[in-house]
Amino acid sequence: GAHIACEKISNVAANILEDARIGIAPLEKSTRYVRFDQKNEDGSYLFYREPRIMESRYRAAYLETMELLFETYSRQLDAMIAFVKRSLPIEAIEVRHPQSGEPLSYQEAAKDEKLKKWAEAAYRSTIRAHACDVLRGYLPAATLTNVGFFGAGQAFEYLLAKLYSHDLLEARNLAESMHQELNQLIPSFVKRAKRSEYLADSFRAGRAVSAELLSATPVAPATPVTLVDYDREAEEKVVAAILFPHGRHSLRQLRELAARMDQSQRRKALDEYLKRRRHRRDKPGRAFEQVYYTFDMLGNLGLYRDLHRHRILTQERQDFTTAHGYDTPPEIEAGGFKAEYDRCMDKAAGLYGKIHKDFPLEAQYVVPFAYKIRWYMKMNLREAVFIGELRTMPQGHPDYRFIVQEMWRKIQEVHPTLAQYAKFIDWKTYRLGRLQSEMRTEYKKSALDKGEL
12 GAHIACEKIS NVAANILEDA RIGIAPLEKS TRYVRFDQKN EDGSYLFYRE
62 PRIMESRYRA AYLETMELLF ETYSRQLDAM IAFVKRSLPI EAIEVRHPQS
112 GEPLSYQEAA KDEKLKKWAE AAYRSTIRAH ACDVLRGYLP AATLTNVGFF
162 GAGQAFEYLL AKLYSHDLLE ARNLAESMHQ ELNQLIPSFV KRAKRSEYLA
212 DSFRAGRAVS AELLSATPVA PATPVTLVDY DREAEEKVVA AILFPHGRHS
262 LRQLRELAAR MDQSQRRKAL DEYLKRRRHR RDKPGRAFEQ VYYTFDMLGN
312 LGLYRDLHRH RILTQERQDF TTAHGYDTPP EIEAGGFKAE YDRCMDKAAG
362 LYGKIHKDFP LEAQYVVPFA YKIRWYMKMN LREAVFIGEL RTMPQGHPDY
412 RFIVQEMWRK IQEVHPTLAQ YAKFIDWKTY RLGRLQSEMR TEYKKSALDK
462 GEL
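Letter by letter, the sequence shown follows residues 12 to 464 in the working numbering.
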């Protein structure tokens, strides 16, 4: 295997890279904890100058729109931090003692100098991250990011073939750069990597036949989460898989047996299999992989980027677009930023519509993170539990916490018994959910400084 870093690539390219699943482990720069108000040496903001757009009649409008989005983000960042501080003053927060877990008001924590220091540092970090969360909707898909990978040689070979075969120039340029670097590390594994006419032609044929077959069908309205299909015999499948490793019976025979069991017998098997879970890291076993769900998803580009990183499932997205509208965080409206926010979103949508007529793929670079995109996720119950219990943790972004909670409401409706075993899903809402994890971080930093960890 090999490590490779792809720096200063667009979020469009980053998502193409992160589509790779088997044998690839990506790590991307965060939009939640890093400010994106930095500039290049020439004073311009950090976004991708797509060559076809830059050589077209849209060049000036593209540069103007990108600068507007970044300038507005940068100008509002400190103002949003100040607004969040006013809305959620430190005097009103509650923290937990990083060792005992005891809930403490700020006034109680302030009686101890160390706790006071940790609480204030955690509060500052949380407020800053919350402001970045709120404003990341301004960031366009052209925003430059960094992605590091560790991957197996065979995985890199296929990834390079996909990139070489892509219709976007940035993807093909990335293939060349990555290939040069990997040739120095694992040359025997990537020597056959090249453009695949099969991949390129299949992609274009898919677009052509879709345009032909879908042109007369209007797009129906949709909710954020739709459960498209699921296993009707889920309990029987799980119970049979629980019993299978411990006997000599066939899976078919065990499924027939599970179907004849009454509810109390099936429940006993499930309880014995799962009742010892102490926390989310005690994952359900492979029996939960027998049950599948397909979700049709509609959510903003920012939350899609977060959920896209899950690997043990099937995901497919549509192109980034402004066609489905955009989300407006409540802080944007409450803080008095909505008029400017709407103007920025409208300007980006207007430019997207113009560019899309000539360059439909390249138009994606204009789309701000606030705009909704459509994708689907097909996963087994084991992965659904993992995603549900991880992505609803208090420190998660409110957007993806909501959409994952919606996924689990759909699962509860069709499989109420099985859903009970995902017992570490957090259904609460939080104003500053990151605060407790930041408090623990401050404690660990202090312990490291003293050599206690």
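Note that these hints are calculated values from the structure, not bench results.
Among the clues, some could well be false.
The calculated label-pair distances, taken between Cβ atoms and stated as ranges, are [as the list claims (entries may be wrong)]:
(1) D123 to E424: 20 to 26 angstroms
(2) E424 to D178: 26 to 32 angstroms
(3) M65 to A163: 33 to 39 angstroms
(4) K286 to E424: 19 to 25 angstroms
(5) A334 to D282: 26 to 32 angstroms
(6) D282 to D307: 30 to 36 angstroms
(7) L38 to G361: 55 to 61 angstroms
(8) I101 to A458: 42 to 48 angstroms
(9) Y387 to D353: 50 to 56 angstroms
(10) N194 to A334: 49 to 55 angstroms
Here are the computed lysine to aspartate or glutamate pairs in the EDC-like style, where the Cα-Cα straight-line distance is at most 16 angstroms [as the list claims (entries may be wrong)]:
(11) K365 to D30
(12) K389 to D178
(13) K19 to E66
(14) K173 to E208
(15) K368 to D330
(16) K421 to D240
(17) K205 to D240
(18) K19 to D48
(19) K389 to D30
(20) K40 to E75
(21) K294 to D282
(22) K358 to E82
(23) K50 to D30
(24) K173 to D30
(25) K173 to E29
(26) K127 to E102
(27) K389 to E300
(28) K365 to E342
(29) K96 to D330
(30) K50 to E29
(31) K40 to E29
(32) K128 to D460
(33) K128 to E105
(34) K50 to E82
(35) K349 to D338
(36) K19 to E181
(37) K173 to E187
(38) K96 to E131
Remember, it's a predicted structure, so these values are computed and weren't measured experimentally.
Virtual Cβ for every residue (Gly too), placed ideally from N, Cα, C.
How the hints compare with the structure:
Roughly 47 angstroms separates the CB atoms of D123 and E424, a value that falls outside the hinted 20 to 26 angstroms. Taken as a hint, the range 26 to 32 angstroms is violated for the pair E424 and D178, whose Cβ atoms sit roughly 40 angstroms apart. A C-beta distance of roughly 36 angstroms is found between M65 and A163, which places it inside the suggested range of 33 to 39 angstroms. Distance hint check: the CB atoms of K286 and E424 are about 24 angstroms apart, consistent with the given range 19 to 25 angstroms.
Separation of A334 from D282 is about 47 angstroms and departs from the stated range, judged on CB atoms against 26 to 32 angstroms. Remark: the range hint 30 to 36 angstroms for D282 to D307 is upheld by a beta-carbon distance near 33 angstroms. As the Cβ distance of L38 to G361 is approximately 35 angstroms, the hint placing it in 55 to 61 angstroms is violated. One distance hint, 42 to 48 angstroms for the beta-carbon pair I101 and A458, is violated here, with the actual separation near 23 angstroms.
Range check, Y387 to D353: about 29 angstroms between beta-carbon atoms, so the 50 to 56 angstroms window is missed. At roughly 41 angstroms, the beta carbons of N194 and A334 sit outside the given window of 49 to 55 angstroms. Restraint check for K365 and D30: not satisfied, since their Cα atoms lie roughly 28 angstroms apart, outside the 16 angstroms limit. Taking the CA atoms of K389 and D178, the gap is near 26 angstroms; set against the 16 angstroms cutoff, the hint is violated.
Between the alpha carbons of K19 and E66 the distance comes to roughly 20 angstroms, so the proposed pair goes past 16 angstroms and is violated. Distance check on the hinted pair: K173 and E208 sit about 10 angstroms apart at the alpha-carbon level, within 16 angstroms; holds. Of the pairs offered as hints, the one joining K368 and D330 holds, with about 14 angstroms between alpha carbons and a cut-off of 16 angstroms not exceeded. With a CA separation close to 11 angstroms, the supplied pair K421 and D240 stays within the 16 angstroms bound.
Of the supplied pair hints, the one linking K205 and D240 is violated, its CA atoms being roughly 37 angstroms apart against a limit of 16 angstroms. Distance restraint check for K19 and D48: the Cα-Cα separation of roughly 15 angstroms lies within the 16 angstroms cut-off, and the hinted pair is therefore satisfied. Only pairs whose Cα atoms come within 16 angstroms are accepted, and K389 paired with D30 is accepted, the gap being roughly 14 angstroms. Restraint check for K40 and E75: not satisfied, since their Cα atoms lie roughly 25 angstroms apart, outside the 16 angstroms limit.
At roughly 14 angstroms between alpha-carbon atoms, K294 and D282 fall within 16 angstroms of each other, so this suggested pair holds. About 14 angstroms separates the Cα atoms of K358 and E82, which keeps this hinted pair within 16 angstroms; it holds. Restraint check: the Cα-Cα separation between K50 and D30 comes to about 29 angstroms, which exceeds 16 angstroms; the hinted pair is violated. Straight-line distance between C-alpha atoms of K173 and D30 comes to about 10 angstroms, which keeps the hinted pair within the 16 angstroms bound.
Taken as a hint, the K173 and E29 pair is honoured in the structure, with Cα atoms around 12 angstroms apart against an allowance of 16 angstroms. With a CA separation close to 11 angstroms, the supplied pair K127 and E102 stays within the 16 angstroms bound. Distance check on the hinted pair: K389 and E300 sit about 12 angstroms apart at the alpha-carbon level, within 16 angstroms; holds. The suggested pairing of K365 with E342 is violated, with an alpha-carbon distance near 31 angstroms, which exceeds 16 angstroms.
Straight-line distance between C-alpha atoms of K96 and D330 comes to about 37 angstroms, which puts the hinted pair past the 16 angstroms bound. A C-alpha spacing of about 26 angstroms is found between K50 and E29, which places the hinted pair above 16 angstroms, so the restraint is violated. The suggested pairing of K40 with E29 holds, with an alpha-carbon distance near 13 angstroms, which does not exceed 16 angstroms. Simply put, K128 and D460 have alpha-carbon atoms about 14 angstroms apart, close enough for the 16 angstroms limit, and the pair holds.
Distance hint between K128 and E105 is fulfilled; the C-alpha atoms sit about 14 angstroms from each other, no more than 16 angstroms. Simply put, K50 and E82 have alpha-carbon atoms about 10 angstroms apart, close enough for the 16 angstroms limit, and the pair holds. Distance hint between K349 and D338 is fulfilled; the C-alpha atoms sit about 11 angstroms from each other, no more than 16 angstroms. Pair hint K19 plus E181 holds up; C-alpha atoms about 11 angstroms apart against a cutoff of 16 angstroms.
Annotation: proposed proximity of K173 to E187 holds, straight-line Cα distance about 12 angstroms (limit 16 angstroms). Between the alpha carbons of K96 and E131 the distance comes to roughly 12 angstroms, so the proposed pair stays at or under 16 angstroms and holds.
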